[in-house]
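Asker: Here is how the chains run, residue by residue.
There are 2 protein chains.
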Amino acid sequence: MDEFGLVHRYFSTQTCRRDDVRLGIGDDAAVVTPNPDYELVVTTDVLIDGIHFPPSTPPAALGHKALAVNISDIAAMGAEPAWATLNLALPVSDERWLTDFSAGFLEIADRFGIALIGGDTVCGPLAIGVQLIGQTPAGSALRRDGARSGDRIYVTGTLGDAGLGLRACTGELSIDGEDRAHLIDRLQRPLPRVEVGRVLRGIASAAIDVSDGLAADLGHILERSGCGADVDLARLPLSDTYRRCDPGWDPAVSGGDDYELCFTVAPERNAALQAATHELNVPITMIGAISDQPGLRLRDECGRHYQSAQGGYRHFQD
Amino acid sequence: MDEFGLVHRYFSTQTCRRDDVRLGIGDDAAVVTPNPDYELVVTTDVLIDGIHFPPSTPPAALGHKALAVNISDIAAMGAEPAWATLNLALPVSDERWLTDFSAGFLEIADRFGIALIGGDTVCGPLAIGVQLIGQTPAGSALRRDGARSGDRIYVTGTLGDAGLGLRACTGELSIDGEDRAHLIDRLQRPLPRVEVGRVLRGIASAAIDVSDGLAADLGHILERSGCGADVDLARLPLSDTYRRCDPGWDPAVSGGDDYELCFTVAPERNAALQAATHELNVPITMIGAISDQPGLRLRDECGRHYQSAQGGYRHFQD
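So the protein lines, in turn, are chains A and B. Take the first sequence: its position 224, counted from the start at 1, is 224 in this note's numbering, and no numbers get skipped. Take the second sequence: its position 82, counted from the start at 1, is 82 in this note's numbering, and no numbers get skipped.
These are calculated hints, taken from the structure and not from any lab test. Misleading hints may appear alongside valid ones.
A partial selection of chain A residues facing chain B, derived with a Cβ cut-off under 10 Å [as the list claims (entries may be wrong)]:
1) A30
2) D37
3) I74
4) N87
5) G113
6) I117
7) T121
8) C123
9) G124
10) G139
11) H220
12) A272
13) A276
Ideal placement from N, C-alpha and C gives every residue a C-beta, glycine not left out.
Taking the hints into account, I'd like the entire structure generated from these sequences.
Answerer: See the structure below:
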């Protein structure tokens, strides 16, 4: 099996057919027709074996997650994902692995209407690079730099389950049964909040996806917007499983890998937010407010400042 | 230095500023505004240490080549490159390496008017993934599947120098002085034929870039177009250095890495081809013709069939 055959054999079964794909896999490049009234939103992320996922991760979950983390970036811009390319470095050409990986990748691609339009497969230590292009009406993209003092801070879903899932995988957290399955599912099969991001256009003043942990990612909004924030830890949305594990605040504050959205909304847009989100069936929780005072202040139910034991995950940290 | 800082510090010096980049590096994703009358052309390629380049390759040359091979794919579609993303896996954060690599990458990006709009940097064995988006007027993209019997086959520039450059790097070819410098330059710093591809819109019936070697790449055109070809080896354009090395036909036929264009033109479009290319200052050589008879036939000056010792480079070959 050669590099050309790999892409063709395992990824040609995609059921998602987009009318805007003029030419897919198999030429020097793919040709797609963007919506002329839309802007393009472009992102890319790489997953490396042993760094971004435990070596025990099933290949189908890897295929899912490699695309999901990119969809999450597109969701955080308020855009709709459209066309993906996939770069795979594989130590060996393992048919079973590729079958499972491509099944996981294509399942989430089809779910979100994404066409796989190209890629490159090379021999090397396992690494998965995905690049994803989305579209959003011109001028509507949600950015990190629009938060203003007085804006409320919201998050979707629940926080910290993926971080606990990682602890369960590494044996740091001893847990069994449905709770274990729930946490590992949250770690391995995140479902990006595309629908939420989409309705936040024109409503949110800033948005980001929670990939490195709430403190780190909200920190990016604060840095780019030139402001600070006060967050009530008691308001953080936690799953029942999280509460049963009772791990303290750290997984919810710094755990990362949740792929929920964190966004800010001016008080006068609050009614619009409620109207836009109430039919989505996604929990949306207000956790604090943007402030003129620089810095991120996390306070527990007694008003005490909380210092996270660790920041978000960073490579090459000094 | 963390992953965010890496992208910012080393790649923020880019001088190329495109008006169509609404939001560059530093958010969840970049935002760009495509030309509404154009289609998008999307490609991606990965370079792995020790497979796609000898470990001795200078980092500036790697930066150049990682982008150049993608530009070449865009050129082969007749499109103009516009926006790139870069994924880097690095074993260590080496300031000197990054300075040189980014200089090489940005130099060719600026030369071709390409904006770097995003990327991801992770810790791992050295690998470089680039994804490049180009644009071309709707319906004008050059494909591999349009060659028809009777079309003439052309190549740009000269063939085989990059293959000889690789032999020089590995010590397989003993050569010194300007000839050595020329060959290694062809290997390490290919200049994609964007200008040629652009004028071939509406003229070429099929096109591909020569990355895996003439025989392999012309073979892709034949396979996709459902036809065969006859090539006169004596017509292959060879550099003076190549002739002095006198390595036989193999580097020119199967060497790869030349990043010239190979394209086909119907006889009635020959005058248009001459008119469109004569001011470009790029050698364009007719090397054979497309035939109804399947297969690629390479004949030397005596009319003898030539069997290439090796096909183009393929990963995971059985």
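Asker: Indicate, hint by hint, whether the structure satisfies it.
Answerer: Here is what the structure says about each hint:
no.: 1; hint: A30; verdict: holds (5 Å)
no.: 2; hint: D37; verdict: holds (8 Å)
no.: 3; hint: I74; verdict: holds (6 Å)
no.: 4; hint: N87; verdict: holds (5 Å)
no.: 5; hint: G113; verdict: violated (17 Å)
no.: 6; hint: I117; verdict: holds (6 Å)
no.: 7; hint: T121; verdict: holds (7 Å)
no.: 8; hint: C123; verdict: holds (5 Å)
no.: 9; hint: G124; verdict: holds (4 Å)
no.: 10; hint: G139; verdict: holds (8 Å)
no.: 11; hint: H220; verdict: holds (8 Å)
no.: 12; hint: A272; verdict: violated (22 Å)
no.: 13; hint: A276; verdict: violated (20 Å)
The structure fails hints 5, 12 and 13 (numbered hints given earlier, in ascending order).
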